[in-house]
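Use the sequences and the hints to build the structure in full.
Line by line, the protein sequences are chains A and B. Just so you know, the first sequence maps onto residues 2 to 254 in our numbering. Just so you know, the second sequence maps onto residues 2 to 254 in our numbering.
Because the hints were derived from the structure by calculation, they are not lab data. Everything numeric in this text was worked out from a predicted model, so none of it was measured. Don't take every hint at face value.
Capping the alpha-carbon separation at 20 Å, the derived lysine to aspartate or glutamate pairs in DMTMM-like fashion look like this [claimed, not checked]:
| # | chain 1 | residue 1 | chain 2 | residue 2 |
| --- | --- | --- | --- | --- |
| 1 | A | Lys219 | B | Asp94 |
| 2 | B | Lys219 | A | Asp155 |
| 3 | B | Lys61 | B | Glu19 |
2 protein chains.
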Amino acid sequence: MATGRTERPAHRGRGIPEATVARLPLYLRALSALSERGVPTVSSEELAAAAGVNSAKLRKDLSYLGSYGTRGVGYDVEYLVYQISRELGLTQDWPVAIVGIGNLGHALANYGGFASRGFRVAALLDADRAVTGQRIAGMVVRHMDDLEQIVRDDHVSIGVITTPAPAAQGVCDRLVAAGITSILNFAPTVLSVPEGVDVRKVDLSIELQILAFHEQRKSGTDGVAPQLPPAASGAAASPVGDLGGDLPEVMPA
Amino acid sequence: MATGRTERPAHRGRGIPEATVARLPLYLRALSALSERGVPTVSSEELAAAAGVNSAKLRKDLSYLGSYGTRGVGYDVEYLVYQISRELGLTQDWPVAIVGIGNLGHALANYGGFASRGFRVAALLDADRAVTGQRIAGMVVRHMDDLEQIVRDDHVSIGVITTPAPAAQGVCDRLVAAGITSILNFAPTVLSVPEGVDVRKVDLSIELQILAFHEQRKSGTDGVAPQLPPAASGAAASPVGDLGGDLPEVMPA
DNA sequence: TCAGCTTTGTGCACACGTTCACAAAAGCCT
DNA sequence: AGGCTTTTGTGAACGTGTGCACAAAGCTGA
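Structure below.
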């Protein structure tokens with residue numbers, strides 16, 4: 002690599018691997034705990050254990066940020082907290098808007114973890130007039146009609162979608178139209194967004210299904226239902242009793 | 002996208018790659034929607050679009066389950082729903098216990114998505130006597146003291162931890178001791194478990210931090226804070242405002 | 001100053017995951 | 001029947017992520 006006006010420590014050049022980015026918050030959390038306990042320095046071995054990864058991976062991850070360790074000693078806790086925070090962009094304020102104040106939205110509004118690390122719930126929104134106006138976690142729930150204005154006035158940069166699945170794409174479109182480029186989606190739906198908009202999803206149902214898969218493997222209950230004969234593939238009727246009947250798409254609001 | 006990750010060798014003998022397993026629920030959801038609309042067959046292209054992946058990946062994923070498609074035609078929707086359900090172990094019942102009935106536990110207990118696909122909330126548990134005895138979503142909240150008995154009697158196979166972070170490891174240990182080998186952890190902590198126990202985590206704070214990282218990149222606000230001089234490394238005060246003051250561990254319970 | 005010990009940073013090899021691109025299969029039409 | 005069209009299933013190339021193992025760097029003590 003040559004031309005780049007790299008006024009930065011080595012690697013910062015072009016991009017930290019995505020897998021590394023996903024682990025930085027883990028390291029940050031472990032470091033914060035150490036910081037609170039007044040621990041001044043930590044070795045890659047110790048920090049890795051606290052974060053639940055192996056030490057080589059941790060060292061490689063940190064090396065993408067720069068050479069912030071001291072050989073023979075370890076890493077300075079406070080300094081590393083700062084460097085990771087800066088890299089993740091947590092040294093600035095991130096106003097968040099939660100759209101869809103049902104059970105989950107309600108829980109998130111009261112969620113302590115939200116307020117930390119630079120994230121701040123700037124607005125609660127809902128489309129239902131029976132909900133708007135209520136006070137939750139010290140905030141008044143606003144109506145979706147005000148979305149664009151709220152995003153603009155409060156400089157909201159991250160939208161959290163906790164609506165029922167059928168409403169999610171519509172909400173997403175409005176958020177994007179209002180200028181938001183980062184979305185955290187709790188609705189069990191695939192959102193389509195234009196290039197440049199980041200969507201991350203948190204999907205309870207999917208996590209459970211993955212667990213079920215492994216659980217089945219473990220209990221050897223694997224083939225409980227005898228492998229259905231490949232039979233006439235074109236067969237019309239669902240081979241399975243009811244399973245086809247299918248679920249009500251989740252989120253009873 | 003939730004984080005989680007179940008560490009595992011992956012392609013073990015007759016195994017399905019972990020990345021594929023994580024997508025099967027997505028396909029299943031898309032197929033269920035098609036099924037409801039009465040669509041009889043679907044091409045890899047269409048299904049891939051509905052699931053938000055590319056078609057080659059989808060075909061390869063499905064090929065791990067077997068050859069369930071018909072060239073020139075596509076896949077039989079009902080049949081594929083069954084095959085994926087069976088592979089994921091959703092043709093059987095999975096009783097779930099939710100431990101920690103704070104805001105989030107409460108929301109999950111009422112969460113419709115839980116009930117679908119073979120998952121069934123079998124028990125709600127809490128350590129606080131002020132909470133136990135309450136009825137939530139038609140169920141009585143039981144005390145942690147009854148955990149072992151409940152797991153045994155109701156054949157609970159999956160534990161969901163929604164306690165404050167400091168309590169999570171203890172709860173986890175008890176779940177494992179009671180024989181549970183699949184845990185979904187919402188508490189912002191790294192859980193350590195013995196070999197053979199699967200833990201997946203859902204961590205709101207981490208997801209937000211990952212979004213913030215990308216958001217920062219996009220808005221070019223990157224280097225706002227000037228590179229802190231390496232300075233006296235042992236510096237006491239956290240260079241960042243309050244960041245160090247780690248979060249109040251979630252869930253005001 | 002120098003030997004000895006600790007721990008980082010990273011080159012390298014390998015495992016895993018994604019994408020391309022195409023032959024083979026299946027249905028359809030004349 | 002045979003050619004044409006569609007679409008699957010998969011080999012192979014490529015990219016990303018992981019883990020080992022070790023040289024280099026820094027500290028400590030004599």
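Taking the hints in turn, this is what the structure says about them:
1. A:Lys219 x B:Asp94: Measuring from Cα to Cα gives roughly 15 Å; hence the hint holds.
2. B:Lys219 x A:Asp155: At roughly 19 Å apart (the allowed maximum being 20 Å), Asp155 (chain A) and Lys219 (chain B) satisfy the hint.
3. B:Lys61 x B:Glu19: holds, 13 Å
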